[in-house]
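Novice: Sequences are here, hints too, so could you generate the full structure?
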Amino acid sequence: MPIDYSKWDKIELSDDSDIEVHPNVDKKSFIKWKQQSIHEQRLQRNQDIKNLEFQLQMNDRLNRRVDKMLNTLSDSELLKMDSVQQFLNANFDKTERGQGDHVDPDMPTYNEMVEDLFEQMELNAKKEGKDPKDGAVIREMILRHRKKIDQVNTQATDKLSELYRLKNSLISSDDIHTGFDKSFVNKMAEGEDASKFIPKQPASETSLIGSLSPPPMEFIDFKDDAMKLAPETLAFGKIAPDKLKKSEEFLLQHLPIISEQQKDALMMTAFEHQMEGDEVKAYQAIHQSELLAYIRELYDIKKIPFLRAGEMTKVIKMFFERVFFKSADRGRASFLESVQAKFDHVKQRVKVMEHESPQEGVETIQLKSLDDSTELHINLPDFNSEASEEVARREAFNKLPTQMQTAVQSQSLDQINEVFSEMSLEEAERVLDIFNEGGIIGINAILEDESEFKELQDQYESERNANQLEEGEDVAQDVSKPLEEDLNEGTTNTSDVVD
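My numbering puts the sequence shown at residues 1 to 499.
Calculated directly from the structure, the hints in this document are not laboratory data. One or more of the hints may lead you astray.
[Claimed, not checked] Straight-line C-alpha distance at most 27 Å; calculated DSS-like pairs for lysine-lysine:
1) Lys68 - Lys342
2) Lys245 - Lys148
3) Lys68 - Lys303
4) Lys94 - Lys245
[As the list claims (entries may be wrong)] Cβ-Cβ distance ranges computed for the label pairs, FRET-style:
5) Gln155 - Gln99: 39 to 47 Å
6) Glu128 - Trp33: 26 to 34 Å
7) Lys127 - Met81: 13 to 21 Å
8) Gln411 - Asn91: 51 to 59 Å
9) Glu389 - Asp225: 49 to 57 Å
10) His254 - Glu128: 42 to 50 Å
Built from N, CA and C at the ideal position, the CB exists for glycine as well.
Specialist: This is the structure we're talking about:
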């Protein structure tokens, strides 16, 4: 059987007998220093791993609280510390705090840290010259802070992955496991086959030195587009809620989709389905998103910042077994209550969005003056005049849709915009062309006071006088020219007579 010796390349040696040192340096001392350096680096690396794991765990606990508050509480409720405190204590463990070897036991609880965050946002709003009593301002500042935390988590995760990679690339005494704790000899009875006592060859992954962990997998995370769904996640979202076994098998085959970003992106598709009026697909998307959320939350308890296939597989099997398959009516009921609560929230939010902006997401045309000193007015054609200009305007007016003709005749800009809001962009652009053709929409200047009117009047008088002066000069030139010609002719004639 071939033997793989590559694992020995990963052993970090500090007492190589072939090592060469400077003649003035004691070899034994050098080896001792090297051993001490390796040991200190290993301790520092392990400590850095613990610190980063704690940081990611703490940020995750805080983010869950902040996200749920932002999705549930209104702007006015975010300003009331009593409402914030009651919400946190009702939805999260108020005694939960960070724990670890080097963690201050007197550090505030996670709920208290979130409360301090809201107070800090009010102070920051004052420093930036914003209204600290405006709920929308506080929400915007918290979202900005939340984005910074995500960036910190990304950097911490990358650094932690690198530390784990470095740790797995070297074998230390912590990785050494004895293969046998006891030794004994079985005596062979007479007539027994000796071949049955020949020891079996150990499996390839079994050795006196424990096998190294496989390289970590990566969760799917489209950092540049939070709404982007992977094809696998999209397929998972189409599995019916009652096909739990199928969902379990799918997740076991597609572990990387169990990420925060994919979970949130799948949840957002529920809003799209609900806005389209498809409640079945909306509920289905929420149900599948909650499966990802529950499983990811259980996995995060293990404090593994990257995807480890073996651990995630155990979590998936344990979750489905205990919550759905092992007559766990209570666990199933709790899960379905969470799904229903989110479904009700989505339906309510969609209603609010439709009420606030019924045409949100649809591009339309609205007429509005962009200059404060002017206003739009409606020019109706003279329906009784036979002048060619008015006949052309009537023909343009008759090209308008019936609803728009009625709105134009009302001479109300609001009614015209209301008709525009119900049109497609192409139809609205065609109507604008007809407006231009018939001169139906005009612009009036707005004069705020009498002095402005007097100024405009003086300007008009000066322009009129200038025009009259130019016209007088033109007339004078027209009159003087024939007189000059006649004079010249007369002079010529007189000279002729004299001659």
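Novice: None of the hints should be skipped; say for each whether it holds.
Specialist: Evaluation of the provided hints:
Note on Lys68 and Lys342: the hinted pairing holds, with a Cα-Cα distance of about 11 Å set against a maximum of 27 Å. With a CA separation close to 39 Å, the supplied pair Lys245 and Lys148 exceeds the 27 Å bound. The suggested pairing of Lys68 with Lys303 holds, with an alpha-carbon distance near 22 Å, which does not exceed 27 Å. Proximity of Lys94 to Lys245 is assessed by CA-CA distance (about 36 Å); at most 27 Å being required, the pair is judged violated.
Distance hint for Gln155 and Gln99: a CB-CB separation of about 23 Å, inconsistent with the stated range 39 to 47 Å. As the Cβ distance of Glu128 to Trp33 is approximately 53 Å, the hint placing it in 26 to 34 Å is violated. At roughly 19 Å, the beta carbons of Lys127 and Met81 sit within the given window of 13 to 21 Å. Separated by about 55 Å at the C-beta atoms, Gln411 and Asn91 satisfy the suggested range of 51 to 59 Å.
Hint check: Glu389 to Asp225, Cβ distance near 55 Å, so the stated range 49 to 57 Å holds. The supplied range of 42 to 50 Å is met by His254 and Glu128, whose beta-carbon atoms lie about 44 Å from each other.
Hints 2, 4, 5 and 6 from the earlier list are contradicted by this structure; the remaining hints agree with it.
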